[in-house]
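Visitor: Going line by line, the protein sequences match chains A and B. Residue 466 in our numbering sits at position 465 of the first sequence, and the numbers go up by one each step. Residue 117 in our numbering sits at position 112 of the second sequence, and the numbers go up by one each step.
I should point out that these hints are in silico values taken from the structure, not numbers from a laboratory. Since the model is a prediction, treat every value here as computed from it, not as a measurement. Glycine residues also receive a C-beta, built at the ideal position from the N, C-alpha and C atoms. Hints are supplied without guarantee of correctness; some may be wrong.
[Stated by the list, open to error] A partial selection of chain A residues facing chain B, derived with a Cβ cut-off under 8 Å: (1) K189; (2) I191; (3) G192; (4) R353; (5) M364; (6) L368; (7) F386.
Listed below are the residues making up each chain.
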Amino acid sequence: MNKPVQPSSAVTTEHCFTLSGISKSFPGVKALSDVSLALYPGQVTALIGENGAGKSTLVKILTGIYQPDAGEISVNGTPVVLSTAQEAFKLGIAAIHQETVLFDDLTVGENIYLGHAPRNKVGLLDLKAMHGAARVVLDKMHASHIDTYARLRDLGIANKHLVAVARAMSIDSKIVVMDEPTAALSAKEIGELYELIEFLKSEGKAILFISHKFDEIYRIADRYTVFRDGALVGAGLLRDTTQNEIIKLMVGRPVDHIFPSRKANIGMSVLSVSELSHPTEFEDISFELHKGEILGFYGLVGAGRSEVMHALFGITKTSGGKISLEGVPLKITSPAEAINAGIVYVPEERGRQGVVIGLPIFMNVSLPSLDRTSKSNVLRLKEEFDLARTYTERLDLRASSLSQDVGTLSGGNQQKIVIAKWLATSPKVIILDEPTKGIDIGSKAAVHEFMAELVAEGLSVIMVSSELPEVLGMADRIVVMRSGKIEEIFENKNLSPETLVKAAAGILQ
Amino acid sequence: MSAAPTVRHIPDRLDKALTSILLSWESLLVLVAVAIFIANSLASPYFLDAYALSDLTFNFAEKALIALAMALLIISGEIDLSVAATMALTSTLMGFAAQFGVGTFGLVIIGIAVGLACGVFNGFLVTGLGLPSIVVTIGTMSLFRGVSFIILGDQAYKGYPESFAFFGQGYVWGVISFEFALFLVAAVIYWFLLHRTNFGRRIFAIGNNQVTAQFSGVRVKRIKFILFCLTGLMAGIASILLTSRLGSTRPSIAQGYELEAITMVVLGGVSILGGAGSIIGVVLAAFIMGLVTFGLGLLNVPGIVMSIFIGLLLIIIIALPILWRRFGWLIKA
């Protein structure tokens, strides 16, 4: 399957930029191991891989934000060190991210020339020259509709992308990295972006294009590089391969993590959701969750999975639909009501939404259960400690004491505290949103094992996950969402990862 | 399930090292208070006198009452700059009522009700409409005092009933003034509320991470609304005491009290960013501010110079622990 990178007959055969033998580790995680990548002038190389495959890490190395532990980067054959973002930018590497990292309160011209603006004789900014030059760059890109004096804040996301590209053009960047640039764009804007990419190609830029969407990859890319678990698994010309082969490269993995084997003991329906809708994020969401079941939610980032969960938990208001728990219709308008009903939510953003950093472990665990640990609203510390100890010890938390600030714990241990906090409320339904994102292998296994224990005890679990092995390893049934709708609901029996990836991309059948 | 390993026992808390207790904010404040007390008694022969010390309490009790509620509000991540204006409006409306012969009991009811109403108004604007509290209360600061000016102009209300003077001038037991006794009782209540109840715990949770607090079922808006009401209520009570003590109302009454109350809160170790603090710290800070202003008063230092001292004191006490943390290793090494 692994094809060597072959010179192509298109525009030129000379690669202008290479990464070779790049490795990068973070505490507990090997993000990239010995990967190589070449970019060619006038060509688009698509970087493909599941979430967590190492794509973002590579982009950060390319743009000088991270330093690789090993490996070599060279531009036009000359080895370079990209020690800062400025340096990478000056060497001609420009990046366009999902959400632009420009400055909302500066003008378009200032954003384009920030850091390399023309100056007048006394060293002050020459605003007139700057806006003039910005005008020229934008016009060249057929973006004459953008006013260089407009504040970036007032532009739509598509136009912000244009400004980011103009910034790259203003220093004559050789390499343009696009990290899921279409994620937040409308269909029309995506069309305009394609035109822009064609323009960049004609200008001889080398483009690295990161996307989860196969239709776009086939529409604009010339080459592909596939990463899996931080390693290079394949690269070559797109016209020499098929979509199925690429999907196989993406998902075909050796078993690196044993999921707990369990005998599903699925009972009657507990949670029933019908035709749940939101003005913009999702519509017509209907599913049943049974007692003792793990229901997986798979889909691309932005498919609306978290938003549905937020609605079930009372954070997001819905525009219609019904939710009932054990046959009783529920009207959930706040998390407090959801918790009282027995629905709890372990959020994706652990630090911002899951734990209260600054408070000790036991206070975090007891927070939703204070009404039970207290007596006529007066705190009883002993009850709180007992509650916290019961659940944290069950989850095998590693902490020196229950009075330790949660901010001093690792991500995996913080996640255990969030889960402990919810178990202490004796919920009926527990929603886990990317429960093992960014935590080490050991804690991952502990969380998976614990999920198996919970359902064995008759709890019902909804698990939102973008990790295929996790979904396939844990879920009894899998809901695949795409663009705010349910694409398909699968029984997890003899289900292939390819099927899930295709359903999520809308190319099943 | 998998073979459970032997359960790892996690202790409730580790024994605190004696040094960490000695280096706590509250201990630092006690030291400062004692130092100022000694300095005062050396500087003025009139200081060490029971009635002088009792007079001292009048210097801070009114502001300190507000500081108690303000501490809770600031810990929750909000602030109320309109408390002094609330006092002015409350005093003005009490004075207005007194002109029509309303008795002491009626005036107290009016004082409490007006203060509370101002708090409700602030609370509604912040939690109901989702506006930032610093902007809202800068606005109501002008609004409330502006209303006082419209009602009073350059006049003053006098003629409060004789029995009304008790709140600001009376003594409950020996040299213990009513103001001081009320402050002590309120301090105990607020201490209990903040450190011993679910309500207090939720305030800390909100101040440290409002989103997680909400995601954990804490009714964030309701709690913040209650805190604005409590702050307005305390401003109303403080206004009753001040009006009673002065025996008259001008629209400029209690000018600058909001900053002194906030100074007490910050000096008391409450994080201005929210999430941390203690009532004991605020009480100690109130005493320190009272000692400083009273001591300087005995030495005939004019008010303007006094505010310089208070400002310096605040900066020094806040800076010391930060410098200690940053350069402490130099001393140890």
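Visitor: So, against the hints stated earlier in the document, which numbers end up violated here?
Guide: Result: hints 1, 2, 3 break, sorted rising.
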